[in-house]
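**Q** Residue numbers (the UniProt record's numbering), protein chains in the order written: chain R, 1 to 476; chain B, 1 to 476.
One thing to keep in mind: the hints can contain errors.
[Said to hold, decoys possible] One side of the interface only, derived from the structure: several residues of chain B facing chain R at Cβ under 7 Å:
#, residue
1, 4
2, 6
3, 18
4, 56
5, 57
6, 106
7, 112
8, 116
9, 157
10, 160
11, 176
12, 300
13, 332
[As the list claims (entries may be wrong)] Taking lysine-lysine and the BS3-like style, the derived pairs with C-alpha atoms no more than 25 Å apart in a straight line are:
#, chain 1, residue 1, chain 2, residue 2
14, R, 36, B, 413
15, R, 314, B, 314
16, R, 36, B, 97
17, B, 120, R, 27
18, R, 27, B, 314
19, B, 413, R, 314
20, R, 403, R, 440
21, B, 314, B, 120
22, B, 322, R, 58
23, B, 399, B, 409
24, B, 120, R, 314
25, R, 322, B, 97
26, R, 58, B, 15
27, R, 36, B, 120
28, B, 371, R, 97
[Claimed, not checked] From the derived model, a few chain B residues whose C-beta atoms are all more than 10 Å from chain R:
#, residue
29, 303
30, 412
31, 421
The hints are simulated quantities; they were obtained by calculation from the structure and are not laboratory data.
Computed from a prediction, not measured in an experiment: that's the story for all the values here.
Glycine residues also receive a C-beta, built at the ideal position from the N, C-alpha and C atoms.
Protein chains: 2
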Amino acid sequence: MRDLTIDTLNPAFLKVEYAVRGELAIKAETLRDQLKKPGHGLPFDKVISSNIGNPQQKGLDQPPITFTRQVAALMEWPALADLAPDAFPKDVIARAKELRDEIGSIGAYSHSQGVPFIRKSVAKFIQDRDGFPSDPNLIFLTGGASAGVSLMISMLISSPTSGILIPIPQYPLYTATLAQNSGVGIPYYLDESSGWSTSVASIEAAIEKSRKDGIVPKALVIINPGNPTGALLDEATQTALVKLCEEHSLVILADEVYQVNLHQRQTHPFTSFKKVVRQTQSPVPLVSFHSISKGVSGECGRRGGYFEVTNLSKEVVALIYKMVSVGLCPALQGQIGVDSMVRPPKEGEESYPLWKKETDTIHQALASRTKIMAERLNALPGVSCVDSPGALYLFPQIKLSNKAIEAAKEAGKEPDVFYALGLLDETGICVVAGSGFGQKEGEWHYRLTCLCPGVEEYVGKLEKFHQGWVEKYGKE
Amino acid sequence: MRDLTIDTLNPAFLKVEYAVRGELAIKAETLRDQLKKPGHGLPFDKVISSNIGNPQQKGLDQPPITFTRQVAALMEWPALADLAPDAFPKDVIARAKELRDEIGSIGAYSHSQGVPFIRKSVAKFIQDRDGFPSDPNLIFLTGGASAGVSLMISMLISSPTSGILIPIPQYPLYTATLAQNSGVGIPYYLDESSGWSTSVASIEAAIEKSRKDGIVPKALVIINPGNPTGALLDEATQTALVKLCEEHSLVILADEVYQVNLHQRQTHPFTSFKKVVRQTQSPVPLVSFHSISKGVSGECGRRGGYFEVTNLSKEVVALIYKMVSVGLCPALQGQIGVDSMVRPPKEGEESYPLWKKETDTIHQALASRTKIMAERLNALPGVSCVDSPGALYLFPQIKLSNKAIEAAKEAGKEPDVFYALGLLDETGICVVAGSGFGQKEGEWHYRLTCLCPGVEEYVGKLEKFHQGWVEKYGKE
Numbered sequence: 001m002r003d004l005t006i007d008t009l010n011p012a013f014l015k016v017e018y019a020v021r022g023e024l025a026i027k028a029e030t031l032r033d034q035l036k037k038p039g040h041g042l043p044f045d046k047v048i049s050s051n052i053g054n055p056q057q058k059g060l061d062q063p064p065i066t067f068t069r070q071v072a073a074l075m076e077w078p079a080l081a082d083l084a085p086d087a088f089p090k091d092v093i094a095r096a097k098e099l100r101d102e103i104g105s106i107g108a109y110s111h112s113q114g115v116p117f118i119r120k121s122v123a124k125f126i127q128d129r130d131g132f133p134s135d136p137n138l139i140f141l142t143g144g145a146s147a148g149v150s151l152m153i154s155m156l157i158s159s160p161t162s163g164i165l166i167p168i169p170q171y172p173l174y175t176a177t178l179a180q181n182s183g184v185g186i187p188y189y190l191d192e193s194s195g196w197s198t199s200v201a202s203i204e205a206a207i208e209k210s211r212k213d214g215i216v217p218k219a220l221v222i223i224n225p226g227n228p229t230g231a232l233l234d235e236a237t238q239t240a241l242v243k244l245c246e247e248h249s250l251v252i253l254a255d256e257v258y259q260v261n262l263h264q265r266q267t268h269p270f271t272s273f274k275k276v277v278r279q280t281q282s283p284v285p286l287v288s289f290h291s292i293s294k295g296v297s298g299e300c301g302r303r304g305g306y307f308e309v310t311n312l313s314k315e316v317v318a319l320i321y322k323m324v325s326v327g328l329c330p331a332l333q334g335q336i337g338v339d340s341m342v343r344p345p346k347e348g349e350e351s352y353p354l355w356k357k358e359t360d361t362i363h364q365a366l367a368s369r370t371k372i373m374a375e376r377l378n379a380l381p382g383v384s385c386v387d388s389p390g391a392l393y394l395f396p397q398i399k400l401s402n403k404a405i406e407a408a409k410e411a412g413k414e415p416d417v418f419y420a421l422g423l424l425d426e427t428g429i430c431v432v433a434g435s436g437f438g439q440k441e442g443e444w445h446y447r448l449t450c451l452c453p454g455v456e457e458y459v460g461k462l463e464k465f466h467q468g469w470v471e472k473y474g475k476e
Numbered sequence: 001m002r003d004l005t006i007d008t009l010n011p012a013f014l015k016v017e018y019a020v021r022g023e024l025a026i027k028a029e030t031l032r033d034q035l036k037k038p039g040h041g042l043p044f045d046k047v048i049s050s051n052i053g054n055p056q057q058k059g060l061d062q063p064p065i066t067f068t069r070q071v072a073a074l075m076e077w078p079a080l081a082d083l084a085p086d087a088f089p090k091d092v093i094a095r096a097k098e099l100r101d102e103i104g105s106i107g108a109y110s111h112s113q114g115v116p117f118i119r120k121s122v123a124k125f126i127q128d129r130d131g132f133p134s135d136p137n138l139i140f141l142t143g144g145a146s147a148g149v150s151l152m153i154s155m156l157i158s159s160p161t162s163g164i165l166i167p168i169p170q171y172p173l174y175t176a177t178l179a180q181n182s183g184v185g186i187p188y189y190l191d192e193s194s195g196w197s198t199s200v201a202s203i204e205a206a207i208e209k210s211r212k213d214g215i216v217p218k219a220l221v222i223i224n225p226g227n228p229t230g231a232l233l234d235e236a237t238q239t240a241l242v243k244l245c246e247e248h249s250l251v252i253l254a255d256e257v258y259q260v261n262l263h264q265r266q267t268h269p270f271t272s273f274k275k276v277v278r279q280t281q282s283p284v285p286l287v288s289f290h291s292i293s294k295g296v297s298g299e300c301g302r303r304g305g306y307f308e309v310t311n312l313s314k315e316v317v318a319l320i321y322k323m324v325s326v327g328l329c330p331a332l333q334g335q336i337g338v339d340s341m342v343r344p345p346k347e348g349e350e351s352y353p354l355w356k357k358e359t360d361t362i363h364q365a366l367a368s369r370t371k372i373m374a375e376r377l378n379a380l381p382g383v384s385c386v387d388s389p390g391a392l393y394l395f396p397q398i399k400l401s402n403k404a405i406e407a408a409k410e411a412g413k414e415p416d417v418f419y420a421l422g423l424l425d426e427t428g429i430c431v432v433a434g435s436g437f438g439q440k441e442g443e444w445h446y447r448l449t450c451l452c453p454g455v456e457e458y459v460g461k462l463e464k465f466h467q468g469w470v471e472k473y474g475k476e
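Sequences and hints are given; from them, build the entire structure.
**A** Next comes the structure, spelled out in structure tokens:
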């Protein structure tokens with residue numbers, strides 16, 4: 001028989017790249033294994049995975065919200081409410097009973113679009129957030145935001161000339177999904193010099209150029225707050241973007257998974273695209289994504305999220321429903337996680353004080369770490385870093401000398417990958433090189449999460465490595 | 001702006017069909033809502049969803065395995081082990097602690113391929129089952145078997161002439177995924193007259209025909225035990241099929257999710273394709289799928305499963321890893337469900353007696369319902385039904401008279417859909433028409449699950465409806 005080789009498989013798969021779990025992350029795993037061996041010979045005693053926004057991972061250990069986990073435990077084994085009634089606050093027992101009455105066993109498939117009762121909770125959350133109505137029938141619960149993004153992109157790509165506008169730098173899920181579906185990514189560049197701002201003119205230019213190249217732009221991806229940039233859009237820009245999409249018949253794909261990760265709320269608040277579309281009474285089709293993996297919930301492993309569709313025809317909504325029905329339903333514990341996120345304990349309820357304390361702690365720690373890290377990174381020679389007002393990341397720019405670029409070339413690596421590999425080898429800190437997100441020609445960055453506790457020790461390691469690098473390769 | 005219409009979207013999506021959650025299932029939901037209204041005017045007081053193998057759904061209420069849920073609850077909120085130590089058996093507390101030490105928080109993303117420790121448990125389960133080694137690095141945990149099947153089919157379809165051999169009747173996930181990926185389904189027919197057996201000659205004929213049509217067959221799908229047929233392959237046939245795939249350079253996709261749903265173990269045992277490939281020392285590439293949704297676990301809503309790859313090159317395995325990494329990881333509660341399935345309590349452990357009692361009850365109830373239903377259906381005029389030795393379904397053939405076929409035509413429905421809609425309207429029982437699975441031209445079937453408790457009342461309804469149908473439309 002002939003061997004099954006990768007050349008005989010879907011050629012689109014070969015083009016997929018996903019740096020967040022790529023070379024650096026794989027090497028970090030190898031080092032973590034090596035650390036377990038006595039006399040491992042490594043210059044550090046732990047690997048810190050700053051490559052991925054995964055707050056509850058070992059070593060970072062952001063504690064889960066107790067309320068969320070208590071409800072989840074009671075849904076797993078409802079008998080606990082009788083066997084250990086004193087272990088649970090009364091509002092938790094009531095909440096689990098309410099969910100249980102609606103859902104039945106969490107071991108059963110739910111409605112493919114998600115439990116109707118939970119979709120109602122989501123609609124109410126959106127309505128309270130935006131001041132505009134939301135329809136549970138237009139909400140799809142998903143296994144994390146990624147599953148929804150992937151579905152929508154695969155639906156929008158109708159031919160190899162279909163294009164989707166993506167910000168550069170971007171979260172590589174977008175380029176990966178486009179590659180997988182043989183669509184074209186149309187890059188538009190964010191402006192680092194003004195805090196990674198989004199310019200309508202640069203998007204228009206990108207649309208024009210793509211049309212000349214025979215590409216049909218179908219949608220605009222906006223990540224707000226930004227990933228990896230942490231930037232926040234203001235309402236005026238959002239309104240202009242909505243108008244632009246109207247003019248060019250583009251669907252807006254609004255990735256809003258970091259909507260509560262706000263470190264400078266007074267100056268940089270979050271406004272949803274749903275609100276902007278409604279308040280401008282725009283007919284522009286919009287798909288908005290949210291997730292329980294980020295925010296203060298940080299429940300990545302639960303795989304829960306939702307998307308809401310606005311201004312889509314009944315036929316298109318039915319098509320989406322048909323496609324999700326083939327996958328049966330999102331995981332029930334993810335769906336319940338969404339319910340806990342959109343219906344947290346209210347003031348006056350037994351669980352409220354603890355919930356408030358836990359979420360305040362997470363917000364404050366993230367804001368403070370982000371600020372300290374940005375300041376200290378900015379103080380390093382050849383490093384400049386926008387002080388992110390949102391999300392979980394910093395995306396510092398690093399100037400690399402010709403000597404460093406030459407050394408990278410010799411090692412067969414992109415210069416920023418070479419830098420990040422050096423950092424990993426010396427400190428055990430795993431970041432993602434900027435080339436994984438996209439950046440302007442000749443510029444170099446890396447993304448790191450602001451999730452690591454013990455920020456002093458952590459930043460100290462980054463500083464020490466960078467100083468050693470500059471000594472070895474020169475400043476620029 | 002131009003409207004976003006379905007004609008502007010991925011044309012492959014329009015061709016996808018998935019009858020298990022199609023017209024009949026949607027109508028059943030509407031009826032269920034109607035029942036909640038006072039004076040609903042329907043001739044039944046409950047809707048019975050026999051369209052989908054979903055044992056724990058409301059109305060069927062197959063109880064979950066207590067051990068599985070106790071472990072899951074402790075993973076959600078580990079503090080329970082101290083707060084309510086008496087509520088849990090000691091082996092459950094030990095198991096949860098062991099998993100917790102390995103995994104950390106279930107709110108963190110795991111390795112994209114699944115928690116390494118759980119993959120080791122799966123490998124041991126496979127080794128104990130087959131008597132041949134299994135490698136944890138070749139096991140991928142998934143969100144149910146469907147996610148894995150969908151990934152493998154999308155990987156194997158490298159051009160619009162790529163074909164995959166699928167049994168007819170089949171589980172419609174296969175045709176749906178092929179349609180979505182613009183691949184070609186190459187049908188091979190199972191022989192109803194000999195208990196839905198699989199014939200190597202008929203597969204060879206299908207390969208030959210497809211080649212003449214310019215199609216390149218890439219893989220053979222085998223569902224064993226069968227869905228919707230419940231048939232089991234014997235080792236001699238499996239060996240011949242492996243040889244056939246070797247000759248024609250086909251990948252075997254072995255859907256083995258019903259491997260423990262065996263109602264006639266003495267005469268119809270289960271043998272995995274992994275075992276057959278190993279004992280024949282065949283180099284044929286094989287992907288074997290398993291799930292926690294079926295079996296005695298019935299944990300559909302948890303979304304857990306795995307696939308094991310055999311005889312794939314390192315490059316192909318790396319490609320699969322890259323693709324699953326874009327989706328980050330399968331839901332942790334699904335992964336833990338896999339662990340509980342492959343490592344149930346052992347004799348002598350505190351949880352064993354209850355686990356044994358619960359699983360025996362499920363096995364016996366399913367076997368007994370399947371037998372009674374097959375007997376009673378066979379006694380109806382114009383109905384013949386293979387007494388399934390496996391899986392969760394029966395797939396009776398119904399002879400329909402010309403008068404009935406005419407009436408269906410007038411209603412704009414396939415004749416078997418027309419029958420199934422009549423059954424739903426009159427009894428509240430929702431089944432799936434045979435046309436959703438594929439059947440020979442001019443034959444009609446439906447699939448129903450054997451999960452409903454109160455088999456007497458249930459079969460009574462089926463009989464009464466069929467007798468009324470025969471009175472109205474004649475026997476054949």
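**Q** Indicate, hint by hint, whether the structure satisfies it.
**A** Going through the hints against the structure:
1. A least Cβ separation of about 5 Å between residue 4 of chain B and chain R falls short of the 7 Å threshold, and the interface hint therefore holds.
2. Against a cut-off of 7 Å between C-beta atoms, the interface hint on residue 6 of chain B holds, since the closest Cβ of chain R lies about 5 Å away.
3. Hint status for residue 18 of chain B: holds, given a least beta-carbon distance of 5 Å to chain R, under 7 Å.
4. Because the smallest distance between the Cβ of residue 56 of chain B and any Cβ of chain R comes to about 4 Å, under 7 Å, the interface hint for this residue holds.
5. Evaluation of the residue 57 of chain B hint against chain R yields a held restraint, the C-beta minimum of about 4 Å falling below 7 Å.
6. Residue-level restraint check for residue 106 of chain B holds (minimum Cβ-Cβ distance to chain R is 5 Å; threshold 7 Å).
7. Hint on residue 112 of chain B holds. Least Cβ distance to chain R is approximately 6 Å, under the 7 Å limit.
8. Evaluation of the residue 116 of chain B hint against chain R yields a violated restraint, the C-beta minimum of about 9 Å exceeding 7 Å.
9. Because the beta carbon of residue 157 of chain B sits about 6 Å from the nearest beta carbon in chain R, less than 7 Å, this interface hint is met.
10. Taking 7 Å as the C-beta contact cut-off toward chain R, the hint placing residue 160 of chain B at the interface is violated, the least distance being around 12 Å.
11. Nearest Cβ of chain R to the Cβ of residue 176 of chain B: about 5 Å, under the 7 Å cut. The hint holds.
12. The interface hint given for residue 300 of chain B holds, since its Cβ lies 4 Å from the closest Cβ of chain R, which is under the 7 Å cut-off.
13. For residue 332 of chain B, the interface hint holds, the least distance from its beta-carbon to any beta-carbon of chain R being 4 Å, beneath 7 Å.
14. A threshold of 25 Å between alpha carbons decides the hint, and for residue 36 of chain R with residue 413 of chain B the separation of about 64 Å lies outside it, so the pair is violated.
15. At roughly 45 Å between alpha-carbon atoms, residue 314 of chain R and residue 314 of chain B are farther apart than 25 Å, so this suggested pair is violated.
16. In summary, the hint linking residue 36 of chain R to residue 97 of chain B is supported, as the alpha carbons are separated by about 20 Å, within the 25 Å threshold.
17. Distance restraint check for residue 120 of chain B and residue 27 of chain R: the Cα-Cα separation of roughly 21 Å lies within the 25 Å cut-off, and the hinted pair is therefore satisfied.
18. At most 25 Å may separate the alpha-carbon atoms for a hinted pair to count; residue 27 of chain R and residue 314 of chain B meet this at roughly 17 Å.
19. Note on residue 413 of chain B and residue 314 of chain R: the hinted pairing holds, with a Cα-Cα distance of about 23 Å set against a maximum of 25 Å.
20. A threshold of 25 Å between alpha carbons decides the hint, and for residue 403 of chain R with residue 440 of chain R the separation of about 20 Å falls inside it, so the pair holds.
21. Simply put, residue 314 of chain B and residue 120 of chain B have alpha-carbon atoms about 19 Å apart, close enough for the 25 Å limit, and the pair holds.
22. Restraint check for residue 322 of chain B and residue 58 of chain R: satisfied, since their Cα atoms lie roughly 23 Å apart, inside the 25 Å limit.
23. With a CA separation close to 16 Å, the supplied pair residue 399 of chain B and residue 409 of chain B stays within the 25 Å bound.
24. As the CA atoms of residue 120 of chain B and residue 314 of chain R are separated by approximately 46 Å, the hinted pair breaks the 25 Å bound.
25. Proximity of residue 322 of chain R to residue 97 of chain B is assessed by CA-CA distance (about 41 Å); at most 25 Å being required, the pair is judged violated.
26. Distance restraint check for residue 58 of chain R and residue 15 of chain B: the Cα-Cα separation of roughly 45 Å exceeds the 25 Å cut-off, and the hinted pair is therefore not satisfied.
27. Of the pairs offered as hints, the one joining residue 36 of chain R and residue 120 of chain B holds, with about 18 Å between alpha carbons and a cut-off of 25 Å not exceeded.
28. At most 25 Å may separate the alpha-carbon atoms for a hinted pair to count; residue 371 of chain B and residue 97 of chain R exceed this at roughly 37 Å.
29. A Cβ of chain R approaches the Cβ of residue 303 of chain B within 10 Å, the least distance being about 4 Å, so the stated non-interface status is violated.
30. Every C-beta of chain R lies more than 10 Å from that of residue 412 of chain B, the closest at about 18 Å, which supports listing it as non-interface.
31. For residue 421 of chain B, the non-interface assignment is confirmed: its Cβ lies about 19 Å from the closest Cβ of chain R, beyond the 10 Å cut-off.
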